[in-house]
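4 protein chains.
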Amino acid sequence: MTQSACFEDLAVGQTASLGKTITEADILLYSAVSTDTNPVHINEEAARASLFGERIAHGMLSAGLISAVLGTRLPGPGTIYMGQTLRFRAPVKIGATVVATVEVTALNAEKRRATLKTTCTVGEEVVIDGEALVQVPARG
Amino acid sequence: MTQSACFEDLAVGQTASLGKTITEADILLYSAVSTDTNPVHINEEAARASLFGERIAHGMLSAGLISAVLGTRLPGPGTIYMGQTLRFRAPVKIGATVVATVEVTALNAEKRRATLKTTCTVGEEVVIDGEALVQVPARG
Amino acid sequence: MTQSACFEDLAVGQTASLGKTITEADILLYSAVSTDTNPVHINEEAARASLFGERIAHGMLSAGLISAVLGTRLPGPGTIYMGQTLRFRAPVKIGATVVATVEVTALNAEKRRATLKTTCTVGEEVVIDGEALVQVPARG
Amino acid sequence: MTQSACFEDLAVGQTASLGKTITEADILLYSAVSTDTNPVHINEEAARASLFGERIAHGMLSAGLISAVLGTRLPGPGTIYMGQTLRFRAPVKIGATVVATVEVTALNAEKRRATLKTTCTVGEEVVIDGEALVQVPARG
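Residue numbers (numbering that gives the first Met the number 0), protein chains in the order written: chain D, 0 to 139; chain A, 0 to 139; chain H, 0 to 139; chain E, 0 to 139.
Worth flagging that the hints you see were computed from the coordinates, not collected in a lab. Computed from a predicted model, the values in this text were never measured in an experiment. Don't take every hint at face value.
[To be verified] Once the Cα atoms are required to be at most 30 Å apart in a straight line, the calculated BS3-like pairs of lysine-lysine come out as:
| # | chain 1 | residue 1 | chain 2 | residue 2 |
| --- | --- | --- | --- | --- |
| 1 | H | K92 | E | K110 |
| 2 | H | K116 | E | K116 |
| 3 | D | K92 | D | K19 |
| 4 | D | K92 | A | K110 |
| 5 | A | K110 | D | K116 |
| 6 | D | K19 | A | K92 |
| 7 | D | K92 | E | K92 |
| 8 | H | K110 | E | K116 |
| 9 | H | K19 | H | K92 |
| 10 | H | K19 | A | K92 |
Kindly produce the complete structure, drawing on both the sequences and the hints.
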């Protein structure tokens, strides 16, 4: 039903992206799933008094989009997520559209592993960067 | 209203934890928020045919509990999340209770930054490990 | 579009009920809306070690069904909710079907106010009882 | 893992608060959980024609914040919620930030029960007041 990722189809330089607008509903649902009820995410008055000046999205909420690209587009279904590094470089405001992009930067054929550069942007601004390590099944 | 974290209150060796049972509802809401609709999370038939043999939780869903400990307990509200490394070491089944634990391992007083060892466990098994880097406001 | 409640239609002894099965999804969504992430609701291991022996629903979650009967059935849309007393008499387990019942016990025609006995049950067991005070518009 | 409330740590006059901004998403999720689909909460046209002039939050939604303070801060995890009285004194508009505050007003050492004054405010305005009765475990 779903086409699965194959290590043999990967090449250094391949990229894939997806974008999502972060709404009030995302903040609320993510606070439930993560149990992260930090006031900067759910209390407008406290957030206004904070460094950020308004409510912002959970950093890990945006990071989840990286996982979504890896698991649904490149490499795609069947990918085993082994590791991720994340640098949170700028806050994401509610209503912002976050685009997550991954790019294959290295391949280890023996272990069928791929390293990907992972970047989340809002407009021109990088809000998260880092690197993912995945394992991808061999064909058939 | 909310007590904020202060760099001066941190000491190497401090730890904090929180736990959450990962339910069907978490999988559904997290797939909505992250757009990660990988079949291994939401399609029981495809998951049964996969390496995992059943549906599993998104790795990044469990990682969100680390962010929750950092933002609500140690260091707590006011913490600025700068970076996170994650190694996904074992899958999390639906119904499992994930406990996220953070431990202060290094402090940089000049930059008011703390490094914390971050671990997610299910029972005795480590499912995620890694390291967080945060910045914490100075007192008053 | 919606028929509104009228004080003149109320009589002592009238009753109305509604029931709802409390699922995992209710617990998760209510924890988001209320910010109540008490472990007894969301952490199966902690709940097992508690007095209750398993996760239970938030008491206020069940109490919300009382408000629903008042606002949608008796007296119905247009009702102004003025006050409520609640005694939490027994825990509600996940999967239980809670039935909220209201019964008009007193009417104050001058102020167009009604007092209602409010009860939530699971099977034969009363889990919440108390009293509601509402104001209801006069006809036309 | 979670520090539990102890009756011995309570003293008359202690207070705790938490705040939350009530968003569209809260209204939707709370209407789902409570089944309270009263038009004044979910139908902008009907709400405009009502006494309130616009959609308002469910009173019991704001009341849930009281339960959250009791269960997560004061007294905290382990608290058994025995009763609550609520007076709904003013409507809460969508977008308002509700702050729930509890204050210990009486202690019954023999039964390990505490009475707390409970207040929800929006800015300077009291929107709900009332009283909570809880039971708190003795230490160890």
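Structure-based check of all given hints:
1. H:K92 / E:K110: holds (25 Å)
2. H:K116 / E:K116: holds (23 Å)
3. D:K92 / D:K19: holds (13 Å)
4. D:K92 / A:K110: Holds - the C-alpha atoms of A:K110 and D:K92 are around 25 Å apart, at most 30 Å.
5. A:K110 / D:K116: Given that 30 Å is the threshold and the Cα spacing comes to 27 Å, the pair holds.
6. D:K19 / A:K92: Holds, because 27 Å separates the two Cα atoms, which is no more than 30 Å.
7. D:K92 / E:K92: holds (22 Å)
8. H:K110 / E:K116: holds (27 Å)
9. H:K19 / H:K92: Roughly 13 Å separates the two Cα atoms, so the pair holds.
10. H:K19 / A:K92: Satisfied, since the Cα-Cα distance of roughly 28 Å is no more than 30 Å.
When each numbered hint is compared with the structure, no violation occurs for any of them.
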